[in-house]
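Engineer: Spelled out, the chains give:
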Amino acid sequence: MAETREYKGIALIRAEPPCGMITLRGGPDAAKGLATAGKRLGVKMPGPLGAELKDDRGLLWMSPDEVLMLCPAEDVPDHLDALRGALKGHHAMAVDTSDMRVRFSVSGAHAREVLAKLCPLDLAPDRFGPGHVRRTRLGQVAAAIWMRGDGAFEVICFRSVGQYVLDLLQVAAAPGSEVHLFSQPVG
Amino acid sequence: MTSRRIAGKGRFIDSSSKVAFTFDGRRLTGHPGDTLASAVLGAGQVIMGRSFKYHRPRGPVAAGPEEPNALVELGQGNRFEPNQRATTTALFDGLYATSQNRWPSLEYDIGGINAKLARLLPAGFYYKTFMYPREFWKDIYEPFIRKAAGLGKAPTEKDPDTYEHVHYHTDITILGGGVAGLQAALTAASGGARVLLLEQSPHWGGRVMADGGEIDGKPAADWVAATITALEEMDNVTMRLNCMGAGVYDHGYLLGYERLRDDTPSLPGPRHRLWRIRSTRVITATGAIERPLSFAGNDIPGVMLASAVRDYLELYGVAVGRKVVVVTNNDDGYRTAIALKAAYVDVPCVIDARPLGGGPLMREAEAMGIPVERGRAIGKVKGGQYVEGVAICSHDGSGGVFEREIECDAVAMSGGWSPVVHLWSHCGGKLTWDAEQALFRPDAKRPPTGADGEGFVLPAGAADGELLLGDVLGNAHDAGREAAKAVGKTAKVRRRPVAVSVAQAPILPVWMMPARAGYELRSKAWLDYQNDVKVSDVALAAQEGYQSVEHTKRYTTLGMATDQGKLSNINGLAVLSDALGQEIPVTGTTTFRPPYTPISMGAIAGEARGKVFQPVRRTPMHDWHDTHGADWEPVGQWRRPYAYVRRGETVHDAVTREVKNVRQGVGILDASTLGKILVKGPDAGKFLDMMYTNMMSTLAPGKCRYGLMCSENGFLMDDGVVARIDEDTWLCHTTTGGADHIHAHMEEWLQTEWWDWKVWTANLTEQYAQIAVVGPRARTVLEALGGMRLHPQALPFMSWTDGQLAGFDVRVFRISFSGELSFEIAVKAGHGPALWEKILEAGAECGIQPYGTEALHVLRAEKGYIMIGDETDGTVIPQDLGLNWAISKKKDDFIGKRAQERVHMADPDRWKLVGLLAYDDAVLRDGAYAVAEGRNANGQRNVQGRVTSTYYSPTLGRGIAMGLVHDGPNRMGEVLDFPGTDGKLYRAQIVDPVFYDKSGGRLHG
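Residue numbers (the numbering used here), protein chains in the order written: chain D, 1 to 187; chain X, 188 to 1192.
Derived by calculation from the structure, the hints in this document are not laboratory data. By construction, the Cβ of each residue, glycine as well, lies at the ideal position given by its N, Cα and C atoms. One thing to keep in mind: the hints can contain errors.
Stated by the list, open to error - In silico DSS-like cross-links for lysine-lysine, where the CA-CA straight-line distance does not exceed 27 angstroms:
{"no.": "1", "chain 1": "D", "residue 1": "44", "chain 2": "D", "residue 2": "32"}
{"no.": "2", "chain 1": "X", "residue 1": "890", "chain 2": "X", "residue 2": "679"}
{"no.": "3", "chain 1": "D", "residue 1": "88", "chain 2": "X", "residue 2": "890"}
{"no.": "4", "chain 1": "X", "residue 1": "798", "chain 2": "D", "residue 2": "8"}
{"no.": "5", "chain 1": "X", "residue 1": "1076", "chain 2": "X", "residue 2": "1185"}
{"no.": "6", "chain 1": "X", "residue 1": "945", "chain 2": "D", "residue 2": "32"}
{"no.": "7", "chain 1": "X", "residue 1": "873", "chain 2": "D", "residue 2": "88"}
Stated by the list, open to error - Not the full set, but computed from the structure, chain X residues with beta-carbon under 7 angstroms of chain D:
{"no.": "8", "residue": "456"}
{"no.": "9", "residue": "799"}
{"no.": "10", "residue": "947"}
Start from the sequences and build out the full structure, keeping to the hints where you can.
Structural biologist: Structure, rendered in structure tokens:
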């Protein structure tokens, strides 16, 4: 994936550097221990389909019993230690998954429609915005999408298909392919 | 050829400028806004193609997407595309079109001889003729049919254009941008609902753009313009021209087909876009299509739908003839006569099948001086390649006597209107026969229903069977209100627009003209123009016993052409009903299936072509492999090196070298694709005891155990090494292909069956790169890296430990799939490439070499290890493979246990795993069968076994194989016969499947 890290078509596609990720799984009985994750990052525990983000860290709701913790890569060991301590005696799982996925950002006036070409989500601004996360597909592979505070979308997919997803996003952002769905027609 | 343009007419064209194009090699000009059909007609040429079966000359009969005749090959080279409708092809500068199905030219076509043989080519001709003798089929009949079949040629070059999909969610989608669609959108959107409005053509307004009328006190076209402006100003309305509603599917899913660059091929961007829409409600405002009349010679170029004649005149400024006879069974035909006359085109007469003629429109025509022949019919059209005149007769007769002939060069026919019910019907909407108007219309009581049991499609306007302007608008307004209500909004537009509708006299249903036409006329009256199906063919099918309209369709090919019977369907089933002596609704319609008109293959594929045709999964070390001679092998969606081929080597040479190097020194393998599933919780041991056939709960932390996983039916589905990490955590390795589905299998059982067991799983497959270092010198290499102790006491066979190698945090498993001393090292994926390089550096002295999947396979086969997918195929149980040692007898249950106790599974006659050594050291063919005495009921040789894995073993210097053989383990030393597909007989001896190091000394080294 070395050749292209950034591409500008009708949206800006960028391969983002790796960050720390911790997969947390637990049920209501482990809620208190899991809340440690939010406390350490300074964010709330997200509700269903929710993303609680603060700068380069946050919690993404992945399923009714799974949350993905985002943080700077160097913080992972400390967070893991603290979480395992807080979860001791509870039936829960905290595991480093930082290397498992790769991350891209999609930004610009047509970012929504670039993603709408590849995934079946309702990406209308009043249906999907900051604070939301969706596990979906991009083309033929699994992905998750959320929005940053600056209006850019973040996309994660499994590491092995990183090149495919980067290629796919570039194809979807090809010049002249504006759909003008979620933005006013330009010109 | 002289121009047929009428000055001052042509709403859609810019007659002040010209567009140059090529048709059949001739340079012609049209105007911006023309379709290809209007431009060719405007240039004075009517004939545009040949029919499928008889190669009859064909001109356009319609002006829109229903066109069956004017199909052309568009473009050249890599932009060549066959079967494109000239009536929906927008003209652009440089357009290149060629007519189809003719040789050597449109005007002089050799295949036209078929028309002379029409009596020899009746309905079902192919079925009747090509059945016998059977042996003629392959070499004689099929090549003949293939040569004769098909209209356009298939493209041969790679399409340079791009295509894409887009997903869109909305409350209400309105298909059709005529006045009904516009009004429905205006009403529906007024309450705030999200509305998507799609129109297939490049223009809003539908029929009123040609037919005019008055809405809310202003000309209809002005109302259309004002409504478009109003809709464009609404944030909750999205509108698209050139975007056809292609199909309506379950759960409010529908497809839109947008054509973006057909007429601007040089601009960047996708040519077509497929809209994948989720809509709570769908309004089909798809209008209606005029029906042809079935009279003799109704296929001669110049015979057209009356509405199409108006379209060419009003929208494109083209008069289809100088003298145009109108024939009709309803008042609408008079609109054409009036429009032509007003444009100073001669209309010799209107032939009206109704004995009393029509209403106010007829009187208006008569007032303009157009004679009306009441109760009359066209007996036949005179002419060959173009219309020369018509002979008229009484409609209520057999046409035996023609009263007189009228000279003309075009005929405008109107047989009444059929609502476009296709999109209503795609997902199960039912129809009802409206006898008064002689048309099928949507049955409001039987709509297509969604998951909640409510209808989710609402028809509007002409598509709902409303044919008068005022009724169309009122009906559409109601549909808009109802749709808004259904999505929880209240429409704010309350007033129905007011339109003045001209009163119309009732239609006289005419399915054949004249009403009792004899065979001679029926056999020249076309129903399906493209496939050459005539009234006589459908009547013959009925005579031969066909009753179902679906069977008749397939027997006669009625409605099976690229236009899917848009013009022929209703007329055909009416003729069938008549022949069967039953009412039309008893016969019913054929099934309306998506897409409404053909959509491009490119649009269906979307972005999935070229490098993103399919995802390719890459391991962290992929790039290294790629630059070091990897001969790639697809393994699921992964790419794995099959072998690393050096200069001067064949792939086979490379495999041999790699195997020897592992056995004699040390090799390194990228094993990252193996599945790695973490299973954790107080009930994890209990859970894994159910998942695996053997006992996992008793495994000690730090230890590894090889496990088998079976399906509920007892069949072996996956295998791998399980490592116990700590008191309540296990790490399960799966096969490369098994990672995802075994994780899903675990979650399914946990979520549906054992939801109260305390177990969490995580699929960590991609978190780690896994590197196998294998061979007698493996330990030496790893110790050179430094960081951890790996001697046999510190890390015995089938154990694991965490530590550091070359400064990387690693987990080292002492497991082996080769029979050699072997370590598998898991490291964070991001560190994989760096550690890989370090190992290669450290191993250089020991002659370390990477090896690929084929060497891996050979190594395991030499050792008699099974491979999921080779020794298993979904019908094999572990007992067949001699793996009883891995099936716990202590456990009460595991998935597959009960199935394995069933009679057939416990049958001693099952084929079981053995080794096979072929005579002369040969390598047996993979999958080869061992034959037994006698033959089976099909006359085939009986069989008693088959080869499941077979390789050349570099270690043994000969072919080795494994296979499943009847009672195999009890037949050691026996010889089996394997007839080869090369005609030779291969013989092999049954032996123990472990060919190498039976004592396992090397493994434990």
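Engineer: Each of the hints needs a verdict: does it hold here or not?
Structural biologist: We went through each hint and held it up to the structure:
1. D:44 / D:32: Since the Cα atoms of residue 44 (chain D) and residue 32 (chain D) sit roughly 12 angstroms apart, the hinted pair holds (cutoff 27 angstroms).
2. X:890 / X:679: violated (73 angstroms)
3. D:88 / X:890: Satisfied, since the Cα-Cα distance of roughly 24 angstroms is no more than 27 angstroms.
4. X:798 / D:8: Holds, at about 19 angstroms.
5. X:1076 / X:1185: It holds: about 25 angstroms lies between the C-alpha atoms, which stays within 27 angstroms.
6. X:945 / D:32: holds (17 angstroms)
7. X:873 / D:88: holds (21 angstroms)
8. 456: This interface hint holds because 3 angstroms falls under the 7 angstroms limit.
9. 799: Because about 5 angstroms separates residue 799 (chain X) from the closest Cβ in chain D, which is inside the 7 angstroms limit, the hint holds.
10. 947: holds (4 angstroms)
Taken one by one, the earlier hints fail for this structure only at number 2.
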